[in-house]
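Colleague: Numbering (full-length UniProt numbering), first residue to last: 1 to 689.
Simulated from the structure, these hints should not be mistaken for laboratory data.
One or more of the hints may lead you astray.
What follows is a list of derived Cβ distance ranges for each label pair [claimed, not checked]:
no., residue 1, residue 2, range
1, E264, S546, 39 to 49 Å
2, S187, N564, 32 to 42 Å
3, Q267, M460, 19 to 29 Å
4, S39, A65, 15 to 25 Å
When the alpha-carbon atoms are kept at most 27 Å apart in a straight line, the in silico DSSO-like pairs for lysine-lysine are as follows [as the list claims (entries may be wrong)]:
no., residue 1, residue 2
5, K461, K484
6, K585, K162
7, K383, K669
8, K53, K22
9, K585, K669
10, K138, K231
11, K657, K580
12, K383, K657
13, K635, K505
14, K73, K62
15, K603, K635
16, K383, K517
17, K231, K657
18, K505, K580
19, K40, K24
20, K669, K162
21, K392, K657
22, K40, K22
23, K657, K669
24, K73, K138
25, K62, K231
26, K162, K62
27, K517, K585
28, K62, K24
29, K657, K585
30, K24, K73
31, K477, K585
32, K132, K40
33, K484, K635
34, K132, K75
35, K651, K477
36, K53, K75
Positions of the beta carbon are idealized from the N, C-alpha and C atoms, including for glycine.
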Amino acid sequence: MAQTEKKGGLLRKSSASKKPLKEKVVLMYDEIFTTEDPSKCNPRFWEELFLMKVNLEYLEGKLEALDGEELMKIKDNINCLFQHCIQALGEEHPIRVVNALQTLCALIRGVHQKNKSTSGFDIINMLVGFDKAELCMKNLMESLDSLLCAEGSESLKSLCLKLLLCLVTVTDNISQNTILEYVMINSIFEAILQILSSPLSRREHGYDAVVLLALLVNYRKYESVNPYIVKLSIVDDEATLNGMGLVIAQALSEYNRQYKDKEEEHQTGFFSALTNMVGSMFIADADEKISVQTNEAILLALYEAVHLNRNFITVLAQSHPEMGLMTTPASPVPTTPVTPLGTTPPSSDVISSAELPLDADVQTSNLLITFLKYSSIVMQDTKDEHRLHSGKLCLIILTCIAEDQYANAFLHDDNMNFRVNLHRMPMRHRKKAADKNLPCRPLVCAVLDLMVEFIVTHMMKEFPMDLYVRCIQIVHKLLCYQKKCRVRLHYTWRELWSALINLLKFLMSNETVLLAKHNIFTLALMVVNLFNMFITYGDTFLPTPSSYDELYYEIIRMHQNFDNLYSMVLRLSTNAGQWKEPASKVTHALVNIRAIINHFNPKIESYAAVNHISQLSEDQVLEVVRSNYDTLTLKLQDGLDQYERYSEQHKEAAFFKELVRSISINVRKNLAFNTLSQELLLKEFSTIS
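Given only the sequences and the hints, what does the whole structure look like? Please build it.
Modeller: Structure follows, in structure tokens:
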């Protein structure tokens, strides 16, 4: 018997002796693409159509092949198909529901491809007709809501979410997608929450639900009242918020695990061996960037949760055994293709804290630790555009956290100590830190470590000024909390001071190049004011009196950098150029640092001369400092512990608009290629009772 091949909706005998035969469903599609009503000749046409396995490729291709005029001629049949799809969603037989959902996906995508240049209203008219749009879309949203909340098939729920993601991302700019007005009016918010609060649903659909919610929250968020923003901001159900946190933690953990695997593979690979043989001449190649696709979609969801919902802050500190260290099952886990921006859900299941086995040998973690590790990876390389956006979003999230009173309370809690292994960029002049030697400390120490790491590793020609400003602001906000609540944090402050002084040195060394692109005095002023904060209020939050002495020692030891900075800003503030005002602000801010240097340096020189010592040790300098505080006069500077609170709408609207556009494009691409296959669905519903 001759073999039968299937291609593009055609059934062809391998002998090629006869004319190719079309599938029944393709013939039925062809009838829809005529100007006649297909149910005239066959009253059971629509009933039969939804028993046929959908040919997505053919249906979308057929829609895309028509020009605008041809499409308008068959508008009545398209409207009829759309309405019958919605009716089929209420059928008892799951096969019909599956086929209706698949057909809706194809219709929405196909009509959109044809109407890219036209407004959303034309798409609505083409799909349902203006006169029936409100009722049809209400019925569609109610059917999807019922399917998502029902006890039934997980595959159907999955397909409902795919359809909703298809609907939301049908335009690059989701705020121009007028179909979403109906998703705003007929909310599915409660259905999304139900998925997140149930361990079983969350495992199957949590990722898609969280990404869908993040996108819906961004629909016309600055132009009108978005009900998803309002509802997300008041959610207080613990199970739901924890569920959302677990989905985000799992996705970020998966990224961290992939990166760690690549890093280990890289270190034991060819370049590592070559470097050992040939020496350091190939070190740049050996330390070449390890690339794992970033996940802006899940990061956006974390941002919206932290920014909009104060109750979500508690989820950040919710303890669970570290996901990356969980024992994997012996059976192989099917891998999902990785797409740009990591829009593919992680392959591992999301595990609720109640389901996790507690093991004394497993490091306890939480969402914040997972996020800090993720941030330490994506912030290493800001030359790549996606990583730059990811790094910026990480810093925005940390800014929101650093401003929150409750978040600060658990960040600084001495009873909540964790060992946080941040990723450090390979650098020639420093050794790789041993993971096992990490101390257990309050979480704020890991945040400060991350900021110090960024400051030290990004002094380069393509200077990421915006990220540096955010970084310094986060440190400042944490210090304001410590000063206000008199928290004496046992932290290696010297590392921060050293990093800040080196940053000032870099700004001065590259003055000409940097001033052509940036106002470096804004950043210099922020750095100087951090030192002023330590000088003015350090006695209230530094851990010991000797820490305060060490601050003075560092300023005196590195006085040349402050002297050079003063000379630079004085030169520019006395000229009538564009930098006169910002430079003069730095001049005024340096008053106390200069007072310290001018007060102690003569005393140190005198001590050295009297004791006939050419070079003083650190202890000897500290002795001079301690014995001469009384005669030091400093000016009280106002506003050091004040800051402008984060505001998305006024300053970040353009960034989020572009970010959401990028996420929308990639979610759509991901849906198009590997998530709408019917095989698994049809296996589940292979028999109709």
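Colleague: Run every hint past the structure and note whether it holds.
Modeller: Hints, verified against the model:
| no. | hint | verdict |
| --- | --- | --- |
| 1 | E264 x S546: 39 to 49 Å | holds, 41 Å |
| 2 | S187 x N564: 32 to 42 Å | violated, 60 Å |
| 3 | Q267 x M460: 19 to 29 Å | holds, 24 Å |
| 4 | S39 x A65: 15 to 25 Å | holds, 24 Å |
| 5 | K461 x K484 | violated, 38 Å |
| 6 | K585 x K162 | violated, 54 Å |
| 7 | K383 x K669 | holds, 24 Å |
| 8 | K53 x K22 | holds, 13 Å |
| 9 | K585 x K669 | violated, 50 Å |
| 10 | K138 x K231 | holds, 20 Å |
| 11 | K657 x K580 | violated, 35 Å |
| 12 | K383 x K657 | holds, 21 Å |
| 13 | K635 x K505 | holds, 25 Å |
| 14 | K73 x K62 | holds, 14 Å |
| 15 | K603 x K635 | holds, 20 Å |
| 16 | K383 x K517 | holds, 16 Å |
| 17 | K231 x K657 | holds, 21 Å |
| 18 | K505 x K580 | holds, 20 Å |
| 19 | K40 x K24 | holds, 18 Å |
| 20 | K669 x K162 | holds, 12 Å |
| 21 | K392 x K657 | holds, 14 Å |
| 22 | K40 x K22 | holds, 22 Å |
| 23 | K657 x K669 | holds, 19 Å |
| 24 | K73 x K138 | holds, 26 Å |
| 25 | K62 x K231 | violated, 40 Å |
| 26 | K162 x K62 | holds, 22 Å |
| 27 | K517 x K585 | holds, 20 Å |
| 28 | K62 x K24 | holds, 16 Å |
| 29 | K657 x K585 | violated, 34 Å |
| 30 | K24 x K73 | holds, 24 Å |
| 31 | K477 x K585 | holds, 21 Å |
| 32 | K132 x K40 | holds, 22 Å |
| 33 | K484 x K635 | holds, 20 Å |
| 34 | K132 x K75 | holds, 13 Å |
| 35 | K651 x K477 | holds, 18 Å |
| 36 | K53 x K75 | holds, 23 Å |
Of the hints listed earlier, those the structure fails to meet are numbers 2, 5, 6, 9, 11, 25, 29, in rising order.
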